[in-house]
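Work out the full structure: start from the sequences and follow the hints.
There are 4 protein chains.
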Amino acid sequence: MVGRLHEEKVFKDPVHRYVHVRDKLIWDLIGATEFQRLRRIRQLGTSYVTFHGAEHSRFNHSLGVYEIMRRILEQFEQRISFAFLEEERLLCLSAALMHDIGHGPFSHSFEKVFHTDHEEWTRRILVGDTQVNRILRKVSPDFPHKVAAIIGKTYENPLIISLISSQIDADRMDYLLRDTYYTGTNYGFFDMERILRVLRPYENKVVVKHTGMHAVEDYIVARYQMYWQVYFHRVTRSAEVVLRKIFERARDLYWRGYKFRWEPVHFIPLFEQDITLEQYLDLDEPTVMFYMSEWCKEKDDILRDLSQRFMNRRLFKYAEYGERVGSVEWKQEIDELFREIGIDPTYYLGVDSPSDLPYDVYRSGEDGDKMPIYLLMPDGGLEELSKCSVIVESISGKRRYDHKLYYPLDFLEDGTRKPHVVREIKRRLRVQ
Amino acid sequence: MVGRLHEEKVFKDPVHRYVHVRDKLIWDLIGATEFQRLRRIRQLGTSYVTFHGAEHSRFNHSLGVYEIMRRILEQFEQRISFAFLEEERLLCLSAALMHDIGHGPFSHSFEKVFHTDHEEWTRRILVGDTQVNRILRKVSPDFPHKVAAIIGKTYENPLIISLISSQIDADRMDYLLRDTYYTGTNYGFFDMERILRVLRPYENKVVVKHTGMHAVEDYIVARYQMYWQVYFHRVTRSAEVVLRKIFERARDLYWRGYKFRWEPVHFIPLFEQDITLEQYLDLDEPTVMFYMSEWCKEKDDILRDLSQRFMNRRLFKYAEYGERVGSVEWKQEIDELFREIGIDPTYYLGVDSPSDLPYDVYRSGEDGDKMPIYLLMPDGGLEELSKCSVIVESISGKRRYDHKLYYPLDFLEDGTRKPHVVREIKRRLRVQ
Amino acid sequence: MVGRLHEEKVFKDPVHRYVHVRDKLIWDLIGATEFQRLRRIRQLGTSYVTFHGAEHSRFNHSLGVYEIMRRILEQFEQRISFAFLEEERLLCLSAALMHDIGHGPFSHSFEKVFHTDHEEWTRRILVGDTQVNRILRKVSPDFPHKVAAIIGKTYENPLIISLISSQIDADRMDYLLRDTYYTGTNYGFFDMERILRVLRPYENKVVVKHTGMHAVEDYIVARYQMYWQVYFHRVTRSAEVVLRKIFERARDLYWRGYKFRWEPVHFIPLFEQDITLEQYLDLDEPTVMFYMSEWCKEKDDILRDLSQRFMNRRLFKYAEYGERVGSVEWKQEIDELFREIGIDPTYYLGVDSPSDLPYDVYRSGEDGDKMPIYLLMPDGGLEELSKCSVIVESISGKRRYDHKLYYPLDFLEDGTRKPHVVREIKRRLRVQ
Amino acid sequence: MVGRLHEEKVFKDPVHRYVHVRDKLIWDLIGATEFQRLRRIRQLGTSYVTFHGAEHSRFNHSLGVYEIMRRILEQFEQRISFAFLEEERLLCLSAALMHDIGHGPFSHSFEKVFHTDHEEWTRRILVGDTQVNRILRKVSPDFPHKVAAIIGKTYENPLIISLISSQIDADRMDYLLRDTYYTGTNYGFFDMERILRVLRPYENKVVVKHTGMHAVEDYIVARYQMYWQVYFHRVTRSAEVVLRKIFERARDLYWRGYKFRWEPVHFIPLFEQDITLEQYLDLDEPTVMFYMSEWCKEKDDILRDLSQRFMNRRLFKYAEYGERVGSVEWKQEIDELFREIGIDPTYYLGVDSPSDLPYDVYRSGEDGDKMPIYLLMPDGGLEELSKCSVIVESISGKRRYDHKLYYPLDFLEDGTRKPHVVREIKRRLRVQ
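Residue numbers (UniProt numbering), protein chains in the order written: chain A, 1 to 432; chain B, 1 to 432; chain C, 1 to 432; chain D, 1 to 432.
Take the hints with a grain of salt, since some may be wrong.
Put simply, identical chains are the same to the list, so a pair is met inside one copy or across any two.
[Claimed, not checked] Using 30 Å as the maximum straight-line C-alpha spacing, the simulated BS3-like pairs for lysine-lysine come out as follows:
1. 112 <-> 418
2. 9 <-> 209
3. 259 <-> 299
4. 153 <-> 138
Bear in mind the hints are in silico, worked out from the structure with no lab data behind them.
Structure (structure tokens):
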């Protein structure tokens, strides 16, 4: 079972040209139900409303991360005759392929509203009663746990962890290139082939040969640009806010005993915070979109309106919120003004601060889960990247926030609201 | 209402870099519910099971066709000072944007099984009670009908029809480039910019300046390659066959009074061949996928098995069928053999002949709906392309068929069937 | 000496991204004087006057051919565990790198006028008293002769010959991609990575697995397009004609005892058809251009005028000549008319028929030096490509000629010539 | 004379796809002898020894700058209805095309050794007795002076100057994209189309709409990367040093009355610092390379050795020199040690400090000739870029030096030198 395929299989991939599969284990994992499910979960959640090309799935990305990992191991062997033992080689490849398997539909909104945790679900899928688990166990009984340990960053060999989760890991390299390709922006492009050539295993981590410093610098800037140009785009964030409000409204209606046109069977375990592995695996984006279509016809005004907004891209506008973040009163007053004109602020005023996202912009040396990048200097010593690069230094360690308050401008301007209250709201939100 | 936007809007597009919108009409059409619905229908149906990058929607493609049309008109103006009247300019742009609006989910399978016709639905959406209709009517009361007439190829000015539907129209140029980009293949690439430079309005059609002959030749070959490498790919076709069998099984069960776990509300109007515009617009791919997920748990063995096959990419294998096409007995004998080992051939044997598809490989001068391509020669006369190009001549007018018989090889080999019958089937299907 | 480099070296290459060098032999050959000289000879001769990007050298291309050969051998090893003996591996790589080393400046014009033969010079450089020879001899005393035998197609192992010279060899694959890249056209692009994956050694030749048929088809069309769009471009051919006339005039002046401003030391051995290896190696394009600059100031009207034409891109126009090719009288009458108005037809009327070029458009199965392409069919047999592909069939075996007569239209129209003769010439040449 | 062409002409350009020419003036300027001469001068001097693809000429680049300028003006017209008067439009286009016309072969080395100044020569070519001048004068008698004034930054309308020479001008945008393309690196890539969309004329300069901030940031980083990865590459710089030493040696020999094998006719005016316009225009890279080939056979050991080094890429190695820059004694001692082992430090020790180059890395607001970049903020005010971007701030205003000492390591190790002196030199230069 755990052997090489008789003949190599390939997938045509727009980003890496071809994804090469030579191990039966990998081929079987790709065919597993839980992995095929990633075809039904988009990589970039709501970004497609802004960048219409960004319709690619996590299936796409997961294959890409696997392929990068495969190339890293190949480079290590060819270039510096460094090879892992067979089981650790399979561990690296499996962990790369499986690292996102716990993601749900519109992950970020889901996690915020329903308090699910995709990393926890990844672990449960790997070690639970699943096809993926049965395939992994064929390598050895504790193989699924080892894969989970790598993804959970508790595995005994930190070198392998750093290939999967560091500031310059296979995951990040793939998503930058892939998201750049599908959005059609150029910001995330960097010379991956060059970087693969200069990665080196060094004691318990992966480091970068100093000659590759500028290539890595370019990668860090690519990452920085993608965050500000793509991932934190205001239209995308607005769609996220609306989506969260929809989920909150549906949940609140459920608890109040509201009678839905179509019972939200798939959502009830989430509403009740009591969900089995099987129920979780049933959740995908077509399911969410199916309910959303139904909710566009619900009699509840708020659920219906929000769902229609999401479906037809009639989103909220934003006001800068940075300086107000600490001021509870200011927000309460806005809430009050909204209530005065008949708009429920619970569902129609959304604060969004993208640095809250589980993505993190490069933070060198900071506590946290991602190791910094070290350069391997000519004298054989290591030097942390931001010490050598003024550009990286300039953007490292600085968490940037983008606090915005999202609200339905069209409601304010629909001509049915008290003009002086609307004027006051607009003044406070600095609507021009 | 029908004017220029205060400031041009753009969409970032990976294929054309930017899609430019300057007319309020176009901006409003893009925002219409019926157009946003195209985000939920994939451009290439089941191709994503073969080419994982091919997850792009018809929304994507429709914007692209619009942009190419916009550039053609711009070139006409800038290069040869040819301009349509304002209403005809808007007609060209609207028809380009709207040409696919009637497509349903997995269009080709749907049309085969449920006898829907996307061109008819396009017409109904344009002239029926829809947002799109209300927006178009702001130009003039008969504007929606004119758009429909262009798409239906009955409009009085054939020059405009040829921009939308000819052997080298905005539709084809976009889908070749776009499908190439998203699949990651290179076969569909050609130099569109060059072609746009050599298109010329000539009496009642668009022709190509003779200096562009080789560029057009390249486009025709690109098209030919895409059909054989991408659109007719056997894995994709196998997924189509399985999908059709699923729809047929669900329909047959419905008519037999089968009790579904989850009533197929959205499908019933299709099963009953009596569907309203509103019901049709409710159908999208998330809806189909939602039912498919449910059907994976149905008690009916056939519906459940087929649905699981589709979801988990456990598809049918194929046997060459070309020489057998005419032989009813041969097929009946195979059916019989399948029955003998307990496999229902109605749902487990599928004939597929992709040239049946409504796509047609370039056929010069043949009767049919697509005009041939004419070159504008130095002496001012016209010459049909295949007269000038040996390459085009070699592939024109020849309809190629790719008859295949699809069947579940895994069933035959599951060890539960009578060995001598299985052997006989394999012999006849030439399974190696 | 003949070993692996301590650390792999790479060249950044726009076409193949990186050229990888792991053998000391290859590294040393690249550094040899005779190979560095290829930096001073353009790959596409006079094409740069038409496509200003086409300024790349044969050095560029030779590295590319080497890299493709290296990848073919790597694929053979990785994919089907086929490996040559070490010496044959080095032979393949060396022959790929060296295959163009005998080229002189503006090769085609040179060979026509001075009857040099770059293949003969390649052989002399490999086996003569050169740095290249001394480096090759370190492998074994007869190694240089073996390299020459491969390039001369007399080597005992035809499999290796077919990697270097067949209808789908490393040389052609590189020049199509490279010339496409530098000219900025897209015609020569094809999916090389796919082709490398389907090449197979089969008895005494390289064949193509049948699954790669369409990729090879695409390559053949790419080649066809490049010939007609780039290599045979009329402006380029005109520059060739002018260049040949310059060389002829300079030679004729030399034999008449003309006193040059600057003695054409480097050309005299060519004029006298008696040239040593050292003298040949001294000839490069800067040398030719240096003389050309001087000739722009010569007192001889013809040499000066032609040189200025070449330098300042004031080239000849062309008349179609196809149907006249066989008619000696027609040409003699034109010559006579030119003489009547004081233009010497020897230097101002040039016939050009590009299929005379040592390039040949794909000819399947024809006698000659390039083997046809065979497909390896599922049943293990071989099938010649044009038997399977209607496109290839349509362009194979047909030699296309592009006969043109080039002449200085500006002279005819300078207002100093007898009007009735000019009129008659224009009528016969069909000048509009 | 000064009108539109009957039909637009295009050049195929790999970077901008097409260069469009609609004005007869521009067409004629491109055909002028002095402009065609730029075909014989490489854009990146000695970079081709490092990046073999970098063989493109200044002709290439000049067309590109013109095309960008044309697009900027087109955007201004289409997007914000801003148009220059006809003469100023032609001024912009002509200045863009002509801005590099004064460059000589291997410009930087030439200017260092022979104290020529390409800006001064540009002016002389524009206003002197040249074809270019005669063509420009057809617009108006003082038109050539106006073009020269724009390039010399003394023209009365600073807006036009800022289009040609600012921190984000047509010149820089072209060379980054072009040098990236031909070297095959990716560092210089940025989204030019986006930047062209956000440029705005604002009083007397060009500014950038604030929405384009990240695109400009990306451009600045691209520029920074190109300097450190490409323009200051050590192998390139080494070739520069060797080239300068060759010129110095040839000049010194001339003044000592040395009898050259081939009298350096073209160099004598440079050696004597007394050169006419005609003599200057005769200098191009083929001429320099021609002499270099001859010098490879000179009897003078130093000139011959240095020339062979340059021709065969046998360059100098480098030692870090940064901390020693100010120490005259340290350098004198190294010189002395070289003399002790028979190597003349005048020609075999070269200091190189690339920030001395006339390129300047982005310096915001510093005195000098390049204006900083201003963002046009939502409130209509301007903000200097580095105030808004931490990345730009991190690299602005900081001149980085890369002081290196280049020397022939192979000489030290040829086994003929006193070992203890060689050891001492290696110790001081820290050769490992």
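Task: Up to 30 Å CA-CA - residue 418 versus residue 112, copy category - done: Answer is neither; intra-copy 34 Å and inter-copy 55 Å both fail.
TODO: Give the relationship of residue 9 and residue 209 under a CA distance limit of 30 Å: within one copy only, between copies only, both, or neither.
DONE: between (32 Å within a copy, 15 Å between copies)
Task: Intra/inter-copy verdict for residue 259 and residue 299 if alpha-carbon distance must be at most 30 Å - done: both (10 Å within a copy, 29 Å between copies)
- [ ] Tell me, please, which holds for residue 153 and residue 138 at an alpha-carbon limit of 30 Å: within, between, both or neither?
- [x] Cα proximity of residue 153 and residue 138: one copy only (23 Å, versus 53 Å across).
Comparing the model with each earlier hint shows a violation of hint 1 alone; every other hint is respected.
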